[in-house]
Amino acid sequence: MEKFRVLVVDDEIDFLETIVKRLQKRGLDATGVDSGVKALKLLEGEHFDVVILDVKMPGMDGLDTLKEMKRKRPFMEVIMLTGHASVESGMQGIQFGAFDYVMKPANLDELMEKMTQAYERKTLHEERKSSGRSGAAGSVRG
Amino acid sequence: MKIRGGQPRGRRLQLGVRGRDGGAISALNINRTGAPMSGSEPLDRAASSLVPPTGGKTRAKDSFDPIRHQLLTGAILLATTIVALFSSGAVLAVCGAALAAVHWLSGRRWARAIEKAREEKRFLDEQLIQSQKLAAIGELSAGIGHEINNPIAIIGQEAEWMRHLLQEEPGKTEEISDSLREIVRQVERCRDITQKLLNFARKMEPVFQGVDVNRLVDDMAKLVEKEAKLRSIRVIRIFQSDLPALFTDPPLLRQVVLNLLNNAMHAVGEKGAITITTSASGRDFVNIVVSDTGCGIPKENLGRIFDPFFTTKPQGQGTGLGLSMCHGIMDRLGGRISVSSEVGKGSSFSLALPADK
Ligand SMILES: Nc1ncnc2c1ncn2[C@@H]1O[C@H](COP(=O)(O)OP(=O)(O)OP(=O)(O)O)[C@@H](O)[C@H]1O
Ligand SMILES: [Mg+2]
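Quick note, the sequences are listed as chains A and B, same order.
One point on numbering: in this note's numbering, the residue at position 104 of the first sequence is 104, and numbering is uninterrupted.
One point on numbering: in this note's numbering, the residue at position 84 of the second sequence is 226, and numbering is uninterrupted.
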């Protein structure tokens, strides 16, 4: 599997540390931060392929973080992580450009599969952009 | 275009020019013993400035009537010669031998006139499409205006009320924060509408990826399941296990499925069932059907549910953009969405996606 860069954003420090470790074990270049604000700050200087983003966080919540992320990095794919499944948040997340939803507690295999698909999408998107087929930047979801 | 000629009728020779569809465009009557023509140079000029029949609607009978013909084409037919009167005012006489040439040239001229008419038709067609587009935009604008106006009116009222409270009864912080909450809610609503419209306008090109349909549908079902349980709505899955491979845009398809599930939840309200079925039609299509035991859709609304802003939800609850978005997405994915419904029994929305891309 290709090694890609993953950012995990979750305010539950225990969960965050475990999952980052496990993803690294699976050969991914994974980083964790515990708030949306920190994630956005990190994105100023660094590049990630896929983000795992908790929906429910104090302060800046997942949806607001998602909106900001997609504005800054339209090609970066974001997978929402949610403890309490709700139609409303699902609808909003997908509308704002989330790639997928994963229910907590996340099964690692399932998460890996989704991240791989998200990464594939990002690559396809970028390839198309560089080959000029999609033309204007307006054709990009974000 | 075909030039038909040489039908002797009495002492006259008739020459007709036929359109491609066989209808007579024009015809000239001429006496066989016409006077010799006066040279080729004016003929050229004559042909190029010959006035084409107006509108191309000359009926066969009319076109053989010299006087009408004169009115229609600007050509004057005399007993022995054609004397063509051209728009330039030049007068030309031609006779038998030169007729073919005249007709060939004038035929070309008419061919050009027909081409011009076709262009005109194309132009008018485009105009029509354009005006239909404008009408659609007008309708859309009215919808947007209406949708955004309501929250704005509420925001205005609340702000006014807050100003009043702050001036007259500044101690009523509870009421002030109520108003603030309402304002935030209405702003959210405006944002929701504009976001949906932006998604519409963006027309992002789909990114096709291999998708496990059952898995994708199951994930979306999980998102509604918890809420469904609280409202005693059963979510039933009937999945075909050996579906053909599907290449589609996963997030776009998720959006469609989730919208259908959300509508179904709303239609059922409490107590009932939502059934999600996946199946294949041969190797060509994968179908996803979302059925509910909800209120159903009256016949008179069936044709309108995919229109932007069409909603029967109470003021402030639905944008009416859900299904039109689904329709737009299905178009872009090369698929189709259809509906069947019976009032009081329920509705069924079917998606068909091409299996191989
Ligand atoms: N499953 C259904 N059963 C009955 N009526 C439906 C169903 N789905 C859609 N409709 C009807 O079609 C209308 C338009 O649906 P659409 O999803 O476009 O907008 P909405 O649901 O009203 O608003 P929003 O999607 O923004 O919440 C609904 O208001 C409702 O009248
Ligand atoms: Mg809807």
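Hints in this document: simulated from the structure, not taken from any laboratory.
None of these values were measured; they are calculated from a predicted model.
Some clues are possibly wrong.
Here are the simulated lysine to any residue pairs, SDA-like style, with alpha carbons at most 20 Å apart [claimed, not checked]:
| no. | chain 1 | residue 1 | chain 2 | residue 2 |
| --- | --- | --- | --- | --- |
| 1 | A | 67 | B | 455 |
| 2 | B | 455 | A | 88 |
| 3 | A | 38 | A | 63 |
Against the structure, the hints:
no., hint, result
1, A/67 <-> B/455, "27 Å, violated"
2, B/455 <-> A/88, "16 Å, holds"
3, A/38 <-> A/63, "15 Å, holds"
In summary, the structure is inconsistent with hint 1 from the numbered list given earlier, while agreeing with all the others.
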